[in-house]
Amino acid sequence: MVQDRGLCSLDEEGRVTYHGRIKDMLKVGGENVAAVEIEGFLSHHPAIQLAQVVSAPDNKYVEVPAAFIQLKEGMSSTENEIIEFCKGQLSSFKIPRYVRFVTEWPMSATKIQKIRLREQIAAEIRG
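0 is the number of the first residue of the sequence shown in numbering that gives the first Met the number 0; add one for each residue after it.
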């Protein structure tokens with residue numbers, strides 16, 4: 000038994016689908032969105048080395064996805080290109096509203112500190 004505060008669902012045939020950790024869930028206009036789902040999709044972009052998705056504050060939807068992206072060495076991309084890559088592939092409320100490119104991640108001893116990414120995008124939005 001895994002106890003990681005995960006969110007799972009059970010289908011009619013008894014298969015369990017893991018949707019991610021509860022604290023990595025976004026609430027976009029009343030819809031639950033798993034950050035890991037968006038991160039997984041973004042990982043298929045040919046220029047992306049690593050993507051991390053966090054919630055960004057929004058006046059209309061309360062939260063919207065914000066993607067922090069590390070590009071592969073020698074590759075380039077733009078915020079608009081990443082958003083266009085998502086259109087038609089992800090539901091509109093799952094498409095990152097903000098895309099920021101990073102070369103270094105805020106780290107704890109072993110993993111990326113998503114709280115720091117949330118704080119960074121919130122501070123940027125508030126001005």
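Everything labelled a hint here was simulated from the structure, so no lab data went into it. Owing to the predicted nature of the structure, the values given are computational and were not obtained by experimental measurement. Honestly, I wouldn't trust all of these hints.
Each pair of labels, with its calculated beta carbon distance range [as the list claims (entries may be wrong)]:
| id | residue 1 | residue 2 | range |
| --- | --- | --- | --- |
| 1 | Gly-28 | Gly-87 | 17 to 27 Å |
| 2 | Thr-102 | Leu-9 | 22 to 32 Å |
| 3 | Thr-77 | Asp-57 | 31 to 41 Å |
| 4 | Arg-125 | Glu-12 | 42 to 52 Å |
| 5 | Glu-12 | Gly-73 | 25 to 35 Å |
| 6 | Thr-109 | Lys-71 | 22 to 32 Å |
| 7 | Thr-77 | Leu-9 | 17 to 27 Å |
| 8 | Met-106 | Met-74 | 21 to 31 Å |
| 9 | Trp-104 | Glu-78 | 16 to 26 Å |
| 10 | Ser-75 | Arg-14 | 37 to 47 Å |
| 11 | Glu-103 | Ile-124 | 20 to 30 Å |
Ideal Cβ positions, reconstructed from N, Cα and C, are used throughout, including at glycine.
Does the beta carbon distance between Trp-104 and Glu-78 stay inside 16 to 26 Å, or does it fall outside? holds (18 Å)
Verdict for Met-106, Met-74 (Cβ pair) under range 21 to 31 Å: Holds: the Cβ-Cβ distance is about 22 Å, inside 21 to 31 Å.
When you take the CB atoms of Glu-12 and Gly-73, is the distance between them in 25 to 35 Å? violated (44 Å)
Has the hinted range 31 to 41 Å been met by the Cβ atoms of Thr-77 and Asp-57? violated (22 Å)
Given a hinted range of 17 to 27 Å, is it respected by the beta-carbon distance of Thr-77 and Leu-9? violated (40 Å)
Assessment of proposed distance window 22 to 32 Å (beta carbons of Thr-109, Lys-71): Since the Cβ atoms of Thr-109 and Lys-71 sit about 23 Å apart, the hinted range of 22 to 32 Å holds.
For the range 20 to 30 Å, tell me whether the beta carbons of Glu-103 and Ile-124 fit it or not. At 21 Å between Cβs, range holds.
Using the beta carbons of Ser-75 and Arg-14, state whether their distance is inside 37 to 47 Å or not. This hint holds: roughly 40 Å between Cβ atoms.
Pairwise beta carbon distance, Arg-125 to Glu-12, judged against the given window 42 to 52 Å: holds (46 Å)
For the hint 22 to 32 Å, verify it against the beta carbon of Thr-102 and that of Leu-9. At 41 Å between Cβs, range violated.
Hint check for Gly-87 and Gly-28 - Cβ pair distance inside 17 to 27 Å: holds (19 Å)
Hints 2, 3, 5 and 7, counting from the list given before, are not met by this structure.
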